[in-house]
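Chains as they are written, first to last, in this note's numbering: chain W, 529 to 877; chain Y, 529 to 877; chain D, 529 to 877; chain X, 529 to 877.
Treat the hints as calculated values from the structure; they're not laboratory data.
Dumping the calculated BS3-like pairs for lysine-lysine here, alpha-carbon to alpha-carbon at most 27 Å:
(1) K720/X with K720/Y
(2) K561/D with K671/D
(3) K619/D with K561/D
(4) K619/D with K671/D
(5) K532/Y with K532/D
(6) K532/X with K532/W
(7) K720/W with K720/D
Number of protein chains: 4
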Amino acid sequence: MASKQPIRAAVLGASGYTGADLIRLGARHPAIKITALIARAHAGQALAQVFPHLGSLDLPALLTADEVDWASVDVAFCGLPHGTAHSEIKKLPDRVKVIDMSADFRLRDLGTYAEWYGGEHSAPELHADAVYGLTEHYRDQIKSARLVACPGCYPTAVLLALLPLAKSKLMEPEDIIIDAKSGVSGAGRALKQNLLFSEAGEGSSPYGIGSHRHVPEIEQELGIAADAPVTINFTPHLVPMTRGELCTSYVRLAGTATPADLRKALNDAYGTSPFVRVMEEGVIPATQHVRGSNYCHIGVFADRLPGRAIVVSVIDNLVKGSAGQALQNFNLMHGLDETTALEQLPLFP
Amino acid sequence: MASKQPIRAAVLGASGYTGADLIRLGARHPAIKITALIARAHAGQALAQVFPHLGSLDLPALLTADEVDWASVDVAFCGLPHGTAHSEIKKLPDRVKVIDMSADFRLRDLGTYAEWYGGEHSAPELHADAVYGLTEHYRDQIKSARLVACPGCYPTAVLLALLPLAKSKLMEPEDIIIDAKSGVSGAGRALKQNLLFSEAGEGSSPYGIGSHRHVPEIEQELGIAADAPVTINFTPHLVPMTRGELCTSYVRLAGTATPADLRKALNDAYGTSPFVRVMEEGVIPATQHVRGSNYCHIGVFADRLPGRAIVVSVIDNLVKGSAGQALQNFNLMHGLDETTALEQLPLFP
Amino acid sequence: MASKQPIRAAVLGASGYTGADLIRLGARHPAIKITALIARAHAGQALAQVFPHLGSLDLPALLTADEVDWASVDVAFCGLPHGTAHSEIKKLPDRVKVIDMSADFRLRDLGTYAEWYGGEHSAPELHADAVYGLTEHYRDQIKSARLVACPGCYPTAVLLALLPLAKSKLMEPEDIIIDAKSGVSGAGRALKQNLLFSEAGEGSSPYGIGSHRHVPEIEQELGIAADAPVTINFTPHLVPMTRGELCTSYVRLAGTATPADLRKALNDAYGTSPFVRVMEEGVIPATQHVRGSNYCHIGVFADRLPGRAIVVSVIDNLVKGSAGQALQNFNLMHGLDETTALEQLPLFP
Amino acid sequence: MASKQPIRAAVLGASGYTGADLIRLGARHPAIKITALIARAHAGQALAQVFPHLGSLDLPALLTADEVDWASVDVAFCGLPHGTAHSEIKKLPDRVKVIDMSADFRLRDLGTYAEWYGGEHSAPELHADAVYGLTEHYRDQIKSARLVACPGCYPTAVLLALLPLAKSKLMEPEDIIIDAKSGVSGAGRALKQNLLFSEAGEGSSPYGIGSHRHVPEIEQELGIAADAPVTINFTPHLVPMTRGELCTSYVRLAGTATPADLRKALNDAYGTSPFVRVMEEGVIPATQHVRGSNYCHIGVFADRLPGRAIVVSVIDNLVKGSAGQALQNFNLMHGLDETTALEQLPLFP
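Start from the sequences, fold in the hints, and give me the full structure.
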């Protein structure tokens, strides 16, 4: 692999956490050569200045998008904020493949996008051709896509757990309650008071109750799978850890379905997927057991309430929830083994 | 107050976390004189050896229960493990009032106790007269009780949030899902691998799914309030913080009830309760805002799912969830102001 | 006490951490009535908006200093940043006593102040009369002072440990190495990337090597005590905890002095001081054992290097290192028991 | 590489943290096939039961050492506790190469071993031929060794920083003060109260003052390098993070040496070493920037005390401080590139 012509990659948003994790993993990818790092506010700085942990890499300094020689770029990983991504991606040459980690191309309906993200979309024509990058469920489309819109971190954890249940009609689509817990890195690198160590540490609280922007994305995909409109309760909580996302989904079983049926449906769905592990009965997923890796662990449990079940899923929000899944999609788009550069085992303790 | 004859208190289980917090707060109580500290496995040691943070106190060394001169004790705070508490409490002289922080006297039905706690109760006669010590809801009974069974930490957070809603028939009692998050101190001081810093830190997971021992206690009290049998989903999670408990309760509204109705019912229930604060619309409770204090904060939120609401409650599990509530009950039992020795404001940051 | 006329207090810098801890403790002080909260950038907001954990208090809204009716203020606690404090304090009426928690009045030499804090001092006349507020060493002066300059958090921990050794000539003043470790709240509430939970958590590093602004303050006081110019190595480190400061001082013993001599000198110095505890031989101080309290624990240990000793001191940086010591000084200035409103025992676990 | 006959590896102590990290990294090593996992107390269990994060690996169940077919083992990685390791290693067939991560073969003098580790050494003949596995300083000996004694975590961080300075006579060997800070995983997986999340979290303290077992190892190697007996002050501290070790070494400059001279000596020593990075002037090492990786970062700083300097070094205690360095040595012993299977970049945030 490494002897072939490398695929030249640019990273937009190289000073954010998803950008950093993309570089961390991508720099070790045998087929990738990172040729451009874009971070407007830090243009001119060395990568080591914004991310000292990446200082051992021999990479170019940070640039603005305008300074990049796009002729030397084959693929762009985009870790820009939503609202910014679509207009930057619009400027890229057609021949550059795009793997977007923002929210800008995830929602199929532009009206829904405008409603939840508060602005018109500047690139509707690109949007129309974008493929939703939930790898395990859209492999074929991803392989041939030019623009892949990687799911949000929460939607990744939720949809991996619930999509097979929605498709197989094993759960009722109108009574889904998702209580989600995220580490602080999920909020990005922005300077906010509630994200300071002294404030986020040693405490926990919900946030964005009823209004988190990942809601429409989850409803969209569950709706497609269930072939019916889906409305969910999605309540995220901030938990004092850096990485990790834990979604506890409370679902109503359809007909006579049992937790064992749910587990079987998940096993059927992911039997050949290298990164999704359906836990055996009684084994409880924990975020620390997927930390730093591209794995998703899913467990199914009986509920004390009759006719219901609990589905628990965990990921590392920056890896399977963002940069790792982006690389997994990159691998598919380039005919590589899905696990290339993602073989790292979880870092525990 | 301080000039009167002090009330002489013994602490059983002085080497555990609830014992320690009882001492921390009780040692500053103007009406209490701690005369005996019982910790069988540590008998003979100074308190400073098991809890260096309490080393400034001039208190007697740890004893076994047999070594205590019970004639010099007026009230016993019991922080022993369930299953041990009932047999130790049984031995105490009748004139000693008992404030039990264990589970042994919380369940009204001894069959339920045997089922969930795996053993016969050795003191059914005491059990019959025990008063459930959820202060805000049982003030009158507590005032005249000899034995008060303080609620578990989770039940305290849940019941303070949901009892007024059950009593007022504003929520449907058969569709209650409680997703709870607890700091690690909730598991006590026992040496368990999953409680080590390196394992509990930087991660989160559910535990005891469908089988947590606080379930029957919650169902018992909700059932009484709703005047109907209640079955709940209660799913606790371990969160990497030391103190704090956060319960997110997903409830179905009865009839045409609204979140504002729920908030009003809570305000009505706690208008004169000094430690329960019902947050204004839009203000989200956080455990770090009650840390180290006896406060409980409750918030009510609209659900995206029609006909439902979300009720969020937070406490410090060792204070309002245990030692603080025990002292609050002590105050009631002795005709003191409910807030005596509990005035400490939350420690933030 | 409470029946007497209350002492009316203003808090300048009410939106910072030292301001918050001053309010947390001061609001429970039986002789204090907080009549004004000043926080320029948040003027008009309720205290609960900047510090929800203080939302149970019935206090006035935040103001600018100009809006305050200073006629209704007897004492001003100042938690403003250095450089801002001196000009704000200058404006206060002479009859208002001032307890300053900033650095602006700590250094006796204004040239040194200008050198380390980068600016001229606007109130040299006030500066001349300021008393250094290290309570245990300046009690008499504090009692009669109008303006008390409370020490920095690091100087408090270091000087409590080393001043008695310098005064008693038990350590050589020219070979002092202080390796200090601080929790993140020591850096205040400013929004800085390295203070984000995701960056400060799960890691440790030195900072301000050779240039920390607390150096001249420590050297000044050690120099006075030793009656000789003192130059120190002071190397602070950031540690992933919110509260707590740990100073490990490596000192050379003078003449034939032994660690036991050092311990005796400390015991002699603090025998009647309620908040300084000199640990018995072999007992190691830990920041978690003073958390949330006004205590300072000090331990002395033999060094493997002959002729040297190790002195370890710990405090809560926001309490004994700032707001607690300020109140301790307030008590002295008003003829109250030094421990008033500071009786809280450490919060552990 | 992968196409050649794999080198068959056993891991002794597979249920400890160093064992786990050896498996985490070794399982992805292209030349290694793990054929046996030894963990006496857990024999019969699947690896996933003791380390769920490694559950995706297809590895044999845990065994006792007696159950292993040693004919199918080429190399043994030993993560047993000191005192146990030497007697277990003694039993291994001569043809099995041994990479020991315990302390049992690190000290060249068996009397010193007995003094510090409290017991006779059962394998003095093996001991005589053991090579000290500080990779960057013993490469040639390691390449041809049968038994490599990997350094302790602290000695690794200290010696990488100080050995070049000792060898080049740039620092005085009799005045070295090392203030070390370690994450909690450095204490291993043993169940100790002070390692519980609720006790180790949010606090910091020194431990083992003057008596830490890594002292003689550091003194031994510094003594060899300086060609003179060396006695050091080594004071370790426990810091509330899981991984990471930070050593702040306070040294006296020899003659007219400057911090720049020290930095140059370090650069000269490590110019071709892939994992040791000497930071540019002014850049401060931080443990979070090496987390999960085999890197060591070293910085040199001027001291405010004339004639002295400060040397700061950071590693991940479980990687470069243990399992990573073991694999680095494995690579050397087998003629592989030193970085094989250790290319992982640090996990930040």
